[in-house]
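Following the hints, position chain D against chain W.
Protein chains: 2
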Amino acid sequence: MDKNRRNLLKVSASAAVGSLLMSGQGIAGAQTDSTNSGAQIKVVPPLAGKIGMRLATCVLSAGAAPTVVAVLDDGKIIDLKAEAARQKVKLRFDATSMLSFIKSGNDGMAQLKAIVDRATHQKTHLLALEQAQFMSPIPRPNRNIYCVGWNYLDHFEEGQKARADHVGAELPDHPVIFTKGTHTMNGPFDPIPYDASNSTQEDWEAELAVIIGQGGRNIAEEDAMKHVFGYSAYNDTTARDVQQKRHGGQWFKGKSLDGHGPMGPWIVTAAGVNLDDVRVICRVNGVEKQNASYKQMYFKIPRIIAELSRGLTLEPGDIIATGTPSGVGFARKPQEFLKPGDIMETEITGVGLIRNPIRAET
Amino acid sequence: MDKNRRNLLKVSASAAVGSLLMSGQGIAGAQTDSTNSGAQIKVVPPLAGKIGMRLATCVLSAGAAPTVVAVLDDGKIIDLKAEAARQKVKLRFDATSMLSFIKSGNDGMAQLKAIVDRATHQKTHLLALEQAQFMSPIPRPNRNIYCVGWNYLDHFEEGQKARADHVGAELPDHPVIFTKGTHTMNGPFDPIPYDASNSTQEDWEAELAVIIGQGGRNIAEEDAMKHVFGYSAYNDTTARDVQQKRHGGQWFKGKSLDGHGPMGPWIVTAAGVNLDDVRVICRVNGVEKQNASYKQMYFKIPRIIAELSRGLTLEPGDIIATGTPSGVGFARKPQEFLKPGDIMETEITGVGLIRNPIRAET
Numbered sequence: 028m029d030k031n032r033r034n035l036l037k038v039s040a041s042a043a044v045g046s047l048l049m050s051g052q053g054i055a056g057a058q059t060d061s062t063n064s065g066a067q068i069k070v071v072p073p074l075a076g077k078i079g080m081r082l083a084t085c086v087l088s089a090g091a092a093p094t095v096v097a098v099l100d101d102g103k104i105i106d107l108k109a110e111a112a113r114q115k116v117k118l119r120f121d122a123t124s125m126l127s128f129i130k131s132g133n134d135g136m137a138q139l140k141a142i143v144d145r146a147t148h149q150k151t152h153l154l155a156l157e158q159a160q161f162m163s164p165i166p167r168p169n170r171n172i173y174c175v176g177w178n179y180l181d182h183f184e185e186g187q188k189a190r191a192d193h194v195g196a197e198l199p200d201h202p203v204i205f206t207k208g209t210h211t212m213n214g215p216f217d218p219i220p221y222d223a224s225n226s227t228q229e230d231w232e233a234e235l236a237v238i239i240g241q242g243g244r245n246i247a248e249e250d251a252m253k254h255v256f257g258y259s260a261y262n263d264t265t266a267r268d269v270q271q272k273r274h275g276g277q278w279f280k281g282k283s284l285d286g287h288g289p290m291g292p293w294i295v296t297a298a299g300v301n302l303d304d305v306r307v308i309c310r311v312n313g314v315e316k317q318n319a320s321y322k323q324m325y326f327k328i329p330r331i332i333a334e335l336s337r338g339l340t341l342e343p344g345d346i347i348a349t350g351t352p353s354g355v356g357f358a359r360k361p362q363e364f365l366k367p368g369d370i371m372e373t374e375i376t377g378v379g380l381i382r383n384p385i386r387a388e389t
Numbered sequence: 028m029d030k031n032r033r034n035l036l037k038v039s040a041s042a043a044v045g046s047l048l049m050s051g052q053g054i055a056g057a058q059t060d061s062t063n064s065g066a067q068i069k070v071v072p073p074l075a076g077k078i079g080m081r082l083a084t085c086v087l088s089a090g091a092a093p094t095v096v097a098v099l100d101d102g103k104i105i106d107l108k109a110e111a112a113r114q115k116v117k118l119r120f121d122a123t124s125m126l127s128f129i130k131s132g133n134d135g136m137a138q139l140k141a142i143v144d145r146a147t148h149q150k151t152h153l154l155a156l157e158q159a160q161f162m163s164p165i166p167r168p169n170r171n172i173y174c175v176g177w178n179y180l181d182h183f184e185e186g187q188k189a190r191a192d193h194v195g196a197e198l199p200d201h202p203v204i205f206t207k208g209t210h211t212m213n214g215p216f217d218p219i220p221y222d223a224s225n226s227t228q229e230d231w232e233a234e235l236a237v238i239i240g241q242g243g244r245n246i247a248e249e250d251a252m253k254h255v256f257g258y259s260a261y262n263d264t265t266a267r268d269v270q271q272k273r274h275g276g277q278w279f280k281g282k283s284l285d286g287h288g289p290m291g292p293w294i295v296t297a298a299g300v301n302l303d304d305v306r307v308i309c310r311v312n313g314v315e316k317q318n319a320s321y322k323q324m325y326f327k328i329p330r331i332i333a334e335l336s337r338g339l340t341l342e343p344g345d346i347i348a349t350g351t352p353s354g355v356g357f358a359r360k361p362q363e364f365l366k367p368g369d370i371m372e373t374e375i376t377g378v379g380l381i382r383n384p385i386r387a388e389t
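If you read the protein sequences in the order shown, they are chains W and D. So the mapping is simple: this note's numbering equals the position in the first sequence, first residue as 1, plus 27. So the mapping is simple: this note's numbering equals the position in the second sequence, first residue as 1, plus 27.
Extracted from the complex, chain W is given alone in its bound form (with noise of 0.2 Å):
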């Protein structure tokens, strides 16, 4: 496979939804009303390594339950629980649950990969990406989602400049560490509910999301990466007033909006990721907010985990939003914010890109 190559993929509604894009308008209500969602995936990076996957959480058909899938190179798709039955595989695991195959360890990893490696080879049964409706990869997480706050320098630095709640003006020797609810996982094309009584500084927080395979406590630095089972587009999406000035100082309430963390396409498994290629990047309405590299974060991976689990037990699926770059809207002169009608972008290049529209409530 050629690594450097860009699978651009014929996709019929692409201009379509090109020039809806640039206009900044109609998204939402196509992809969640008519649209499958998967006819939003124009581009399909390439993994780093030949044994990672790109794997799923999608709708296949109407009124269907949700099921996982394996995203091959070219943007076709496997359903897994129907390719397991069609090769008479017995699963050690439920192929609806994304949750279940993480738990399955590397007995489900190496159950699937065959099944996988199986159909590719065969290239019967496969789908197209326009028949799939993408949800989160993990749509109900088990418990909060834990994120790193000032985890770019250029990020704390914009943040120290601009903000007006009390925060130490000295680097960290300690990531920072919150959380967001469960219900603000969203799907990667959702739109993010918005409610001007309740906040009218939405801003973004492009993010590479880990998601943990084997749990545990305590996990030493140098171990860390071995408990990683792999990585998703993430958007900290943050309701400015309501993190900064309404709740005390604590960030919770305020990053905790339902509907306001979306992740996705899928979740490229350890394997296939280059960490040093990683970019994380961010455009509102086409226009490029944040672009950082990997190499620029503050507390890296294994530092994250080896903090985030001392004491505290770590279970495979469990989400890390690992912090923004600089770039957000409320750090700009002048401010940004998201509004209605506005297309919020979160690429990470070799991983996936999510697009969300911002959608008021009604």
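Since the hints were derived computationally from the structure, they do not count as laboratory data. Careful, some of the hints might be misleading.
It does not matter which identical chain is meant; a pair holds if it fits inside one copy or across any two.
[As the list claims (entries may be wrong)] Computed list of lysine-lysine pairs in DSSO-like fashion (alpha-carbon distance at most 27 Å, straight line):
| id | residue 1 | residue 2 |
| --- | --- | --- |
| 1 | K77 | K103 |
| 2 | K188 | K272 |
| 3 | K130 | K69 |
| 4 | K188 | K150 |
| 5 | K366 | K272 |
| 6 | K327 | K272 |
| 7 | K360 | K77 |
| 8 | K366 | K150 |
| 9 | K327 | K188 |
Okay, now just chain D, sitting in the frame of chain W:
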């Protein structure tokens, strides 16, 4: 029923437990390794209303799965699953799961109440407290536990004087809200793990826990009490050094060490509690450290539910710890912290009492 009567139960092990309590020795080993923790319950506080119930999650024989029980005024226990089968009632919920029962709403509640009434009347098949190992009523919450900070004025004031970190000095317009991880949940008589290499400033915070019944979003203050399923005794046990100094002012991590949130011994359903009569009390090794009335609470429960549910969907079984009064260890002069062998007792009058030893991790 005499509302003022306190049912002093004749429990064979109570004398032994009392002497262990005074010496601060041995409870931890005794309760978890051999004695069923029900033997530690010496008083069952009377209910404020006849239609209230005490519901617990217990293991009723060695090796059995946890199941939901009702605890009667005289301390006798009804195994709800077994009793429903005996009464030939097909339950609308899974009687081994408190969360399943809470989700079943008014229909489940009416069904369970009828079963309990018949069993109480017949006085057969009742079990003794000593037969039960009491777990947290909700051993594994669906997501993080919500907590309110600075919710008693005297605690706010003592905190202002004692803290090194940056906290606003003005009285809050909105409650401070943070969360504790799901692994903080601990049984009513189980040990709190102590790891001096992580924290040497373990502190107590006795709190009234509210258990949400019917879920909802943007719940109005005037409707909020309809969403309360019941109450339990809770301790927001806190590693002060981790909370205040290690993670940039966000409290999550210092509040979220495994086992640092015991709850129980049961949930008293809302109809069984008169909030104005509730006192929140903490004792360490038998010495009273905190004692305040619900009336001193700054943001009362309706306001807390309204603020929390603003843009954030609450679910059946969600747990809200409503804040702690003054008297915590870090604000004392000199400061006091928990150490291995200490016994932390949390009493919510009219609800229940939990008692947790501090035990060094090996």
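Hints and how they fare:
When the C-alpha separation of K77 and K103 is checked against a cutoff of 27 Å, the pair qualifies only within one copy, where the shortest distance is 16 Å, while the shortest distance between copies is 62 Å. Proximity of K188 and K272 under a CA criterion of 27 Å is satisfied in both settings, with 16 Å inside one chain copy and 22 Å between copies. Taking CA atoms no more than 27 Å apart as the test, K130 paired with K69 passes in neither setting, with 31 Å inside one copy and 42 Å between copies. In this assembly of identical chains, K188 and K150 lie within 27 Å of each other by CA distance neither inside one copy nor across copies; the values are 55 Å within and 70 Å between.
Only within a single protomer do K366 and K272 lie at most 27 Å apart by alpha-carbon distance; the minimum there is 20 Å, versus 37 Å between protomers. Proximity of K327 and K272 under a CA criterion of 27 Å is satisfied inter-copy only: 21 Å between copies versus 29 Å inside one chain copy. Taking the shortest Cα distances, K360 and K77 never come within 27 Å of each other, neither inside one copy (44 Å) nor across copies (62 Å). In this assembly of identical chains, K366 and K150 lie within 27 Å of each other by CA distance neither inside one copy nor across copies; the values are 44 Å within and 63 Å between.
In the homo-oligomer, the alpha carbons of K327 and K188 lie at most 27 Å apart inside one protomer (24 Å), although the nearest pairing across protomers, at 36 Å, exceeds that limit.
Of the hints listed earlier, those the structure fails to meet are numbers 3, 4, 7, 8, in rising order.
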